[in-house]
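Asks: Use these hints to put chain F onto chain C, whose structure you have.
Top line first, the protein sequences correspond to chains C and F.
Positions 1 to 761 (the numbering used here) are the ones given, in order, by the first sequence.
Positions 1 to 246 (the numbering used here) are the ones given, in order, by the second sequence.
A few of these clues could be false.
[Said to hold, decoys possible] Among chain C residues calculated to face chain F with C-beta under 10 angstroms, some are:
{"hint": "1", "residue": "K82"}
{"hint": "2", "residue": "L95"}
{"hint": "3", "residue": "M102"}
{"hint": "4", "residue": "S303"}
{"hint": "5", "residue": "D311"}
{"hint": "6", "residue": "L313"}
{"hint": "7", "residue": "D321"}
{"hint": "8", "residue": "I327"}
[What the hints assert, rightly or not] Computed footprint of chain F on chain C; a stretch qualifies when at least three of its residues, placed anywhere within it, have a C-beta under 8 angstroms from a C-beta of chain F:
{"hint": "9", "stretch": "105-119"}
{"hint": "10", "stretch": "148-157"}
{"hint": "11", "stretch": "163-171"}
[Unchecked claim] The calculated DSS-like cross-link candidates involving lysine-lysine, where the alpha carbons are at most 30 angstroms apart (straight line), are:
{"hint": "12", "chain 1": "F", "residue 1": "K125", "chain 2": "C", "residue 2": "K98"}
{"hint": "13", "chain 1": "F", "residue 1": "K166", "chain 2": "C", "residue 2": "K305"}
{"hint": "14", "chain 1": "F", "residue 1": "K172", "chain 2": "C", "residue 2": "K305"}
{"hint": "15", "chain 1": "C", "residue 1": "K305", "chain 2": "F", "residue 2": "K125"}
{"hint": "16", "chain 1": "C", "residue 1": "K305", "chain 2": "F", "residue 2": "K193"}
{"hint": "17", "chain 1": "C", "residue 1": "K162", "chain 2": "C", "residue 2": "K305"}
{"hint": "18", "chain 1": "C", "residue 1": "K153", "chain 2": "C", "residue 2": "K130"}
The set of hints was computed from the structure by calculation and includes no laboratory data.
Ideal Cβ positions, reconstructed from N, Cα and C, are used throughout, including at glycine.
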Amino acid sequence: QITPFCSQGDEDFRENREKENRGKRRNGERDKKKRENGRRKRSSKSVSEPETSEEDDNEEDGNNDGEVRPELLSPEELERLKEAVDEKKKLIQSLRGKPWPMKQKLVTLRESQQFVEKYEGALGKGKGRKLYAYKVMMTKKWMKFQRDFENFKTACIPWEMKIKEIESHFGSSVASYFIFLRWMYGINMILFGLTFGLVMVPEALMGRPYGSIPRKTVPRAEEASAMDFAVLWDSGGYAQYSVLFYGYYNNQRAIGWFKFRMPLSYFLVGVGTVAYSYMVVIRTMARNANESGIGDDNSFNFSWKTFTSWDYLIGNPETADNKFASITTSFKEAILEEQESRKDDNIHLTRFLRVLANFLVLCCLAGSGYLIYFVVRRSQKFALEGLENHTWWERNEVNMVMSLLGMFCPMLFDVISTLENYHPRVALQWQLGRIFALFLGNLYTFIIALMDAINLKRKEEKVVKYNITMWEASFYNGTGSENSTAPPITIHPADVPRGPCWETMVGQEFVRLIISDTMTTYITLLIGDFLRAVLVRFLNHCWCWDLEAGFPSYSEFDVSGNVLGLIFNQGMIWMGAFYAPCLPALNLLRLHVSMYLQCWAVMCCNVPQERVFKASGSNNFYMAMLLVILFLSTLPAIYTIVTIPPSFDCGPFSGKNRMFDVIQETLESDFPAWFSKVFSYASNPGLVLPFILLMVLAIYYLQSTSKSYKEANIELKKKLQMVTHNSENFVIFLLCSFDLILIAQKRILFTQDGICLILQY
Amino acid sequence: MVASKGPGCGPTPDLLFGSGLLLSRYFISDWAALIKKKKAFARRWNSDGPVVSELESSDMGNKQTIFTAQQLDAYQDCTYFTRKEILRLFYRYRDLAPQLVPLDYTNQPDVKLPYELIGSMPELKDNPFRQRIAEVFSEDGEGNMTLDDFLDMFSVLSEMAPRDLKAYYAFKIYDFNNDDFICKSDLEKTLNKLTRNELTEDEVKMVCEKVIDEADLDNDGRLSLEDFQNMINRAPDFLSTFHIRI
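Just chain C, same shape as in the assembly (with noise of 0.2 angstroms):
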């Protein structure tokens, strides 16, 4: 039997062991400790087996040590017993890792656990026991809570049968995206939590209710079609006039009996999300760094093959059948590569065929760029005539370019892809990342016309600022002075003018962007998957060629330009977050019914895959887009929040300068004085600026060490190979292979450290 993992616990228990039966031989109650021994001795065996007789004879043995008394003993063996009984501990905790059978941990453990509670037992007679036994009930405590919480916790994740179904028959690499689903789906109820605990409630709560003020009621010349279906989907009517929007907040420092600071509250919910993200990515992906592989190696590609093929989850026939044809089909590339000598024939023309694709596809980029900008400036010109004398394409049309071009461009740049002749994995990464590049292009240049919409919209505002100021003049029969002492007229918040909210118009281009876009797929999912697997299926009876086997047959799952569009999506309710506080909420719905209406259509429409590749080795490729997703859509949010000043008539920033003045205001008036002036010495450039210098030289310090320990690594394990090839050398094989294991556990307890200091500043 293998156990190359014994523990060092085990020894300085026998060492304990021996000193502690020596100072009982001084004591002379060996005879007590036989007679109770005779009692555990018996009641032990009838619980463990013969084979582990060992154990059981130091069970016996430990027996012995009965009624330890700690005065007796000297304060280094009350010591040596203390870390006895910690590595005891330790090991209990660690029992699930070892690789013992089953029955070996299960008396091991009941071994361990007799052993610690006799000496903790004893341990607490001693001086200060109190206080010791204290903690030993409250670890003991905090342990069960803990498991208690584990449990829960594993009872609450949802939909785990529907993902084991579907890995049964697909493989892992298609589960994989239900399970980043379900990721994103935990991620966006927090986001939800946030926006509607602290945001939507206050507000629709203890704010003033609707038709109070102006900007929550629905402008007389709306009215009469503010409840009308259409006027609703498109985010118009009362659902403008309501909580989901920017516009509808009050600007009221502090609302409802315990003084809610409103606007205060919106501005960190809005910074918090954005931080709550960074921070749950950056986790993910430090976690997924250490227990992937170090690297892409390329030395152990048929070890690889041999050994890790074989996706262990396949529970079903047809993609065991599936899984097996394409194992060897992969096993023959691979002797074929290996067989074939170098011939790199005409790596001229290959050369210039990728130029030539690389240059046709910016050509593709360029020309959906263009036409999205063409087609916003077009909008524009028919919102300003009036929306009602337009049909219904030309009313939506940015979306449906949007997402029409999100369908067609792809499938161009697979075909532009033919001509380029890569490794499968390295053409499906240039495919990825060039989708990736339309997808932001097209999402920068809808950003572009909408600065262009929000600039348009500041200039209406002043116009009516203008306005209303000669409107209420006249109110108050031409003398034009703002401090009248005449009566109030009151005037129906309906009646007043309102100025052009642009920040309300954001969020609802954001809402309407997401909305086509899920409405989109889930379209052609149905079109696509379902109506060409009914139409293949049932009009194979009477057709010319086999619809299965030949075109079009059943479509395989695409795992990638899935993950993508979730991708692209969280990126954009990152975007409109802040403008429009429904939008988490809409998320969350959409996500819902995606993974429900997903998992039956893969079930029901898909086959798995023939050839699988995935993108690249780790999941930290999709992770690594997901932050450059978040970076670059938290980019708008933060320009607008900083640059434009806030609407003068409506939201929770409405009459200040900037939004972020905000901070600024509680910070004078909520906070005492001294707080306020250490704040202001705190933001001084003087300060900032060297606090900045600093992250900056410790990452660079972490980065270079880290980089040191990679190479010590890599040197360590040349010298291993020189090393072994000598056989008489293993003892220093045994020192270099622990020197290794010190230095990696080194190296990622401090890129750990490092990730956790980055994190904190």
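Replies: Relative to chain C, chain F alone:
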């Protein structure tokens, strides 16, 4: 998003492509049956067996009478499973042979299920290495498993087991002749099981030589545990493929 096919196919995979699709024709034609089976399956999994045993925290009294509280805690300490999962696994074990497995494990009955029953579980029946897995985890080395072995097996193959534990057991699984080394004959057997004997003799020999070349560090012509661990620890796919969800 569009469901598009992966990048271009070569000449030989076309046949496999076609055959794969013909096979999947049966897949689609059975989807109604699949839904019915799914419903029955879900009913069994969600009901957790005939005895009432839904448990929350171990603070409340145990409603289940299969294990004592200490046994459940001991199992929780020795495997990566929670209480609910252990009970669910027990019911899966029992479902394989209800007449052999008693409902009362408090006095630790000595019950072993023969390999044929274990190998017929849906999670294992399509796995080419199922016999080796059962042999490695069983007490008698023949594939006949007690409940302890059963729990141990699924704990090691679960998501939460760490890399080196999995690597250790993977080594034992691929070591067909149990001599603590993966030699050429073990590799040949592994390959043939993986490809269902589709590769020619020369190809198999070539791959085995390549594997020994790549991974054997101490140059004795076979892979020891250290060689294997060194190689598998860098593999990006290992954790996700050496995983059974139950």
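Asks: Please go over all the hints and tell whether each is borne out by the structure.
Replies: Verification of the supplied hints:
no. : hint              : in the structure
1   : K82               : 22 angstroms, violated
2   : L95               : 6 angstroms, holds
3   : M102              : 4 angstroms, holds
4   : S303              : 5 angstroms, holds
5   : D311              : 5 angstroms, holds
6   : L313              : 6 angstroms, holds
7   : D321              : 6 angstroms, holds
8   : I327              : 6 angstroms, holds
9   : 105-119           : holds (count 4)
10  : 148-157           : holds (count 6)
11  : 163-171           : holds (count 5)
12  : K125/F <-> K98/C  : 27 angstroms, holds
13  : K166/F <-> K305/C : 17 angstroms, holds
14  : K172/F <-> K305/C : 18 angstroms, holds
15  : K305/C <-> K125/F : 22 angstroms, holds
16  : K305/C <-> K193/F : 13 angstroms, holds
17  : K162/C <-> K305/C : 29 angstroms, holds
18  : K153/C <-> K130/C : 34 angstroms, violated
Taken one by one, the earlier hints fail for this structure at numbers 1 and 18, listed in ascending order.
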